[in-house]
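Student: Here is how the chains run, residue by residue.
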Amino acid sequence: GQQLNQSPQSMFIQEGEDVSMNCTSSSIFNTWLWYKQDPGEGPVLLIALYKAGELTSNGRLTAQFGITRKDSFLNISASIPSDVGIYFCAGQETSGSRLTFGEGTQLTVNP
Amino acid sequence: DSGVTQTPKHLITATGQRVTLRCSPRSGDLSVYWYQQSLDQGLQFLIQYYNGEERAKGNILERFSAQQFPDLHSELNLSSLELGDSALYFCASSVEIQETQYFGPGTRLLVL
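Chains as they are written, first to last, in our numbering: chain A, 6 to 116; chain B, 838 to 949.
Don't read these hints as lab results, they were simulated from the structure.
Each residue gets a CB set at the ideal place from its N, CA and C atoms; glycine is no exception.
Careful, some of the hints might be misleading.
Taking lysine to aspartate or glutamate pairs in the DMTMM-like style, the calculated list, with each CA pair at most 25 Å apart, reads [what the hints assert, rightly or not]: (1) K846(B) x E46(A); (2) K56(A) x E933(B); (3) K846(B) x E108(A); (4) K894(B) x E912(B); (5) K56(A) x D866(B); (6) K75(A) x D908(B); (7) K846(B) x D908(B); (8) K894(B) x E936(B); (9) K894(B) x E108(A); (10) K75(A) x D877(B); (11) K846(B) x D43(A); (12) K56(A) x E936(B); (13) K894(B) x E98(A).
Selected chain A positions facing chain B (Cβ under 10 Å, derived; list incomplete) [unchecked claim]: (14) N27; (15) F78; (16) A83; (17) T105; (18) G107.
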């Protein structure tokens with residue numbers, strides 16, 4: 006099935022460092038979302054973006070909806086050990102409400 | 838806690854069998870979505886229901902079916918199970934179509 010191109014696939018960082026990950030698509034999306042998934046749990050919504058060019062923050066997290074509507078990035082500042090997990094981007098199509106997910110970014114934070 | 842509940846949390850069964858996964862959406866949510874998460878395919882949309890009616894279909898096999906009941910809970914039925922059906926199955930719900938989707942904790946299915 007169709008998937009978004011999410012990078013990087015994995016990241017190993019030191020506590021306190023900033024992190025950046027992004028998603029690109031060949032399709033236009035009406036909405037971009039970022040989820041975090043912990044082992045054995047369901048994805049938890051972090052940030053939702055509804056307008057091209059929109060920049061939204063949620064605590065140490067900042068995400069942007071690309072102006073072409075085909076990309077988005079997520080930044081995490083001053084990482085902490087509890088940031089460990091898999092981060093997924095998801096796009097919601099204009100014509101429907103199904104979510105198309107990226108492959109995920111596995112984040113490891115070393116104390 | 839998203840407010841979406843799924844049962845059972847784990848399910849182990851044999852090839853050829855049939856199982857039913859259950860989802861209760863958040864209070865007030867009319868739309869329910871099913872997703873499958875496997876190692877090789879990632880998170881894939883299966884099917885969506887809105888207020889009891891099927892709304893959209895994704896990569897759902899013909900051996901799989903779903904329904905949403907008048908009380909808005911949903912069930913995903915998987916039949917003639919194959920080894921490759923082993924995966925995490927997530928339910929998500931939203932207030933309306935196009936609104937933010939909130940995911941349940943998932944059902945981990947293992948087909949032996």
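Student: Each hint should be assessed against the structure and marked as holding or not.
Tutor: Evaluated hints:
no., hint, in the structure
1, K846(B) x E46(A), "10 Å, holds"
2, K56(A) x E933(B), "19 Å, holds"
3, K846(B) x E108(A), "23 Å, holds"
4, K894(B) x E912(B), "15 Å, holds"
5, K56(A) x D866(B), "24 Å, holds"
6, K75(A) x D908(B), "37 Å, violated"
7, K846(B) x D908(B), "21 Å, holds"
8, K894(B) x E936(B), "18 Å, holds"
9, K894(B) x E108(A), "21 Å, holds"
10, K75(A) x D877(B), "24 Å, holds"
11, K846(B) x D43(A), "15 Å, holds"
12, K56(A) x E936(B), "14 Å, holds"
13, K894(B) x E98(A), "14 Å, holds"
14, N27, "17 Å, violated"
15, F78, "19 Å, violated"
16, A83, "26 Å, violated"
17, T105, "7 Å, holds"
18, G107, "8 Å, holds"
When held up to the earlier numbered hints, the structure conflicts with 6, 14, 15 and 16 and fits the remainder.
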